[in-house]
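**Student:** Since the structure of chain P is provided, determine the placement of chain H on it from the hints.
Just so you know, the protein sequences line up as chains P and H, in that order.
Going by UniProt numbering, the first residue of the first sequence is number 1, and it counts up by one from there.
Going by UniProt numbering, the first residue of the second sequence is number 1, and it counts up by one from there.
Don't read these hints as lab results, they were simulated from the structure.
Treat the numbers as computed from the prediction; the structure is a model and nothing was measured.
There's no promise every hint is true.
As the list makes no split between identical chains, a pair holds if one copy fits it or if it spans any two.
[Stated by the list, open to error] Calculated pairs, DMTMM-like style, for lysine to aspartate or glutamate (alpha carbon to alpha carbon, straight line, at most 20 Å):
| no. | residue 1 | residue 2 |
| --- | --- | --- |
| 1 | Lys370 | Asp608 |
| 2 | Lys339 | Glu484 |
| 3 | Lys487 | Asp444 |
| 4 | Lys339 | Asp394 |
There are 2 protein chains.
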Amino acid sequence: MNYSKILFALAIALMLPTCGLEAQTVTSPNGNVAVRFSLSQDGVPTYEMTYKKREVIRPSHLGLELAKDKHASKGLEETSLMDGFTEEDCKRSTFDETWKPVWGETSTIRNHYNEMAVNLYQKAANRHITIRFRVYDYGMGLRYEFPQQADLNYFIIKEEHTQFAMTGDHTAYWIPGDYDTQEYETQITPLSGIRQRMKTAVDGNASQTVFSPTGVQTSLQMKTHDGLYINIHEAACVNYPTMHLNLDDKNMVFESWLTPDATGMKGYMQTPCQSPWRTVLVSDDARDMLACKLTLNLNEPCKIEDTSWIHPVKYCGVWWEMIAGNNTWNYTDDLPSVKLGETDYTKVKPNGRHGANNAEVRKYIDFAAKNHLDEVLVEGWDEGWEDWYGHSKDYVFDFVTPYPDFDIKALNDYAHSKGVKLMMHHETSASTQNYERHLGAAYDLMNKYGYDAVKSGYVGDIIPRGEHHYSQTINNHYLYCVTEAAKHHIMVNAHEAVRPTGLCRTWPNLVGNESARGTEYESFSGNEPYHTVILPFTRLQGGPMDYTPGILETQIGTWNPNKKDMYVHTTLVGQLALYMVMYSPLAMAADLPENYAKYDDAFQFIRDVPLDWDDTKYLEAEPAKYITVARKAKKTGDWYLGGKCDADGHQCSVKLDFLDKHAVYDCTIYADAKNADYKTNPKAYVITHRKVRRGDVLKFTEAPGGGFAVSMKRL
Amino acid sequence: MNYSKILFALAIALMLPTCGLEAQTVTSPNGNVAVRFSLSQDGVPTYEMTYKKREVIRPSHLGLELAKDKHASKGLEETSLMDGFTEEDCKRSTFDETWKPVWGETSTIRNHYNEMAVNLYQKAANRHITIRFRVYDYGMGLRYEFPQQADLNYFIIKEEHTQFAMTGDHTAYWIPGDYDTQEYETQITPLSGIRQRMKTAVDGNASQTVFSPTGVQTSLQMKTHDGLYINIHEAACVNYPTMHLNLDDKNMVFESWLTPDATGMKGYMQTPCQSPWRTVLVSDDARDMLACKLTLNLNEPCKIEDTSWIHPVKYCGVWWEMIAGNNTWNYTDDLPSVKLGETDYTKVKPNGRHGANNAEVRKYIDFAAKNHLDEVLVEGWDEGWEDWYGHSKDYVFDFVTPYPDFDIKALNDYAHSKGVKLMMHHETSASTQNYERHLGAAYDLMNKYGYDAVKSGYVGDIIPRGEHHYSQTINNHYLYCVTEAAKHHIMVNAHEAVRPTGLCRTWPNLVGNESARGTEYESFSGNEPYHTVILPFTRLQGGPMDYTPGILETQIGTWNPNKKDMYVHTTLVGQLALYMVMYSPLAMAADLPENYAKYDDAFQFIRDVPLDWDDTKYLEAEPAKYITVARKAKKTGDWYLGGKCDADGHQCSVKLDFLDKHAVYDCTIYADAKNADYKTNPKAYVITHRKVRRGDVLKFTEAPGGGFAVSMKRL
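For reference, chain P alone in the conformation it holds in the complex:
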């Protein structure tokens, strides 16, 4: 743009009425939540948010800083989308629909919001953008939209500057901001305590990139001194880098901090396009944090026409015996390194501890068949595990070549003859380009042998080198795998992948993710007892987690002398409760068959518990303290109850006023025994049977690190 044009534009600007001080407010259907938008004097988009008239988000700026990059559209390299905006118009609408998830906590979900779309014009660069707000009774989402236009076709995001200005020094339940992992223990501090705590909050991981002493991840749960619960996250992160939050701990203002690529740039955009939704949940009742479906509602409807092949999966597998035991993924200990296609495994000496061998897998198949589990996960079945990790090795697996002691055809035939499926395992070692080269053949192999679900893994630093687990390109990779899997009717459960943002609504074959410290950490350093009563508030906001619960032999030392001090930081009953408080359509019975044999009466709950529900009622909830939930099973109409607490224990009374009128239920109660304690007496439990009716009251004493589980089968 030359000077005369600029002067002309300025002249026009002076003639136009300035609307920089106007403001619009949009309120939620019930009026509890209100969001106010305005432009500052210099045209900076600004919003604020209230709940029942109480301030939740102080005036906060919105905008994006663009990179001065030669790839950006000509002339735009130097103008960011930060200020100089005037408002063109503001469109309002109301939306109210009820949709049916393919699987979930409830059979229907209501998506009811009031919307305000503010259309902004930036004269200096002749560009138009839209900021869209959707306000729900329990929170809001906002996003940036970039229509296709003459002067805005391509741009590169150097940083997004979306602010969330807090009203005080709230209590935060946070994990360190990191471009590559979420496997940190949740920290509970005031906002002002994040910087100090960061030093100890960061422990080692196979791949980690901490970026700021006050950087935290989403979903970020907070609680104010006057009892407001606030949660900041994002929804529908597609073709965009993952958002972290960086805290200005002088002013208690969070600002978005995107994950960069290898060059330090953050997002490569082509109009028409939009950012993910930036979401703020708010309520004075913690249960709303768990019951609200805002993240799912802000995602696109299901894009898979025929979903009949997608189903809940209860599974066991060859896994805990390696993670917590002494068996190995690798077939031999003799190879210093492997070259796939050159290394001849028939000529090496087996180490005798390879878990994924024919006999062991048959044992699990028999166990699954006997206990009506759907599938058997087998890790370490394919060539390459001798040097799979830590070498930045590109061609690390081919995903199709079994070890000599894993007969893929015979084992699948055997499983199918018993009504069980094997679950595929694809460890990519974070070499995404190698995985994509072999993805087609790998999925074809699954189809050939009758696998319908895959657990994928992304351990270690990403290849292409310099990329991060949560950068735009790698986020696109995860979704590419999910969409390609859908074409093959394959369900995906991706570990070490990006934390979910509700994409499972659009792609319900994404049945699980890890993206947090799972049960595996109980065999490393251990998880805090409150871990599983904070995850539903944070990690689970975006989608289900393959937490792999069900470790009834909580004292690993009883069967593995090498880990004699290692124990699960819950009681035995607490493990049962996890199937209730951490919803997932994919649930593992992770312990060894021989351990389940020891506790077969308690294992009955795992056999019984459904993974797909007609209805869910959160009866009690407090972040990192306790969660109590009742769920009604699809088809049978049976009800299940579960409660889990932190290290302090919890007293709980449940009035069964949600049961069907006049119906009688055969009730089995799995409770911590008196004096049960996750540290000192974890496996003390009591199982009682009784009949219950609507209106009955059940009382529970949850032990430290304990909980309870109840099945109520309609007679």
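**Tutor:** Just chain H, lined up with the frame of chain P:
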């Protein structure tokens, strides 16, 4: 390694006899070339090289600097492979075999060398490496070999420090060192003049990364003041970054400078492995630089069992009319940007200048059939060209979806009915990850419609972003495409890809590359008249170039008023000569059919000239001055002659003592007319017919920027 071990190792070291001052020499079969290896006092591998007792390479160091990277094998992060070596042993051998290339300048190639493999031990890190020398009568190759061993399984190369110490301020024929392009005009300066000339030598390119004011590319041709011709290049660059040369212009020492990845690291190695060959050609006769097959000989034998589907290809195509004309690759001018699968081309307004339309392609098919050309290249046939370049766009093409005016089935059927094939075009826009996602489907489509050759392109900055055109990962990508293509019986001609290093011996379906300024530059800024008589000394050392010669209407302005000042920097006859002096099994007749109609008598040479030879004799050669070559056609036994010169013109006399005894040849001579000149009178030519026999002498006067071409068909 702990301290006690280090002390122990040192103790051993003191006990061992130091052989650091010993030296070994290996000479070529005829004794002309000698290479001497030694270890310096501190155990630095050192070599020097002589030719007929004259020093060619002064004592030069060998070694690799390793990265201090967490991915390197434990304990080795800090020890480079630079010094502290002792010699274990030294194995010598002689090799002499004659092999048959699938296509080439001669029907057989002799691979005759003396070899010396020096096994070195580095006590400090307990590591063994081998430096292997192969010495030929016209040069040598050396490489590093890394056997698999306990303490050397994975390592990361920070830089390779292979020195080439020159004996003086030689004349160098060089182009600027660059991680992303070779499309520079060759500079001719003393070594001491590189730094100063660099400032003007670097002109703009779609993707370029110059790294040093004295950095140059290989193959680097030099000439000493006393008439020695020296050429430094590399052979068999596989799973390794491309080598550049950086000049210490105080001491006239070149040192290897590898192409980095996005993180700045250069090579990720897993033993057993080796570096590419570092080659030095030397002779006092410039013709040896062209005749020697050292680069091919240092590559692995053909890995394709059935090569019957690989054949020379003479082709025309829908290309020059876009490059030099006003037709477009894109279908419409209405789209500011494209989203494949969303953009509906049936609803947009065609720009009326789209080259790859059914009528135009049929015209070229008819032309090819009439003139017995094998194939027709069609660029711009597939959706995406409206925004294909300059936006760092990932999903830029799908390689399978034609524009509405390109009927892929009908056009292929029509071509096949006339005995002609279409040549596929895959412009990747350097988005290699997108290309790999679609490669399988793209090759399948080619098989479906009967394409057997693809011209691929890599214009612009590489995606994954931060990578370079010549980094290890991207070099692997090019080879991946070639090997996957071989499975589909597809020949590959990759443009903007890495400069070849003789891999076409191993993968003869790699029938062409660009990797230098091609004829297209004649429609931009123009090529120097000497360009095509230096390329055979440099770029062509690694393999054939798809130079797209045959522009008989050298004055573009005669048919395109928009380029009225643009002209090809050769005479018309000079264009014919290119088919002789720049060997390629893939040769385009690049001009427009209507231009060939104007010069049909001259076009006869292009119709006639074979692309595969039984024998080749370089009769005269001087870098950037002139090349005169005679070639004997496979099957027919016909002989062809060609000469090309620079802007100074050239007088040339050829004694036909290579013709078959007693045979008579029908000889057609295409010569520059008197007063012909590439600038002022380019299209003045004379065609004469005569009979010739062995011993006859032909005299030629090559005009400035001119040459000559002769066909001698055995009667």
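**Student:** All hints are to be evaluated individually against the structure, with a verdict given for each.
**Tutor:** Quick rundown of the hints versus the structure:
no. : hint              : verdict
1   : Lys370 <-> Asp608 : within (13 Å within a copy, 78 Å between copies)
2   : Lys339 <-> Glu484 : between (27 Å within a copy, 19 Å between copies)
3   : Lys487 <-> Asp444 : both (11 Å within a copy, 18 Å between copies)
4   : Lys339 <-> Asp394 : within (11 Å within a copy, 31 Å between copies)
Hint compliance for this structure: no hint is broken.
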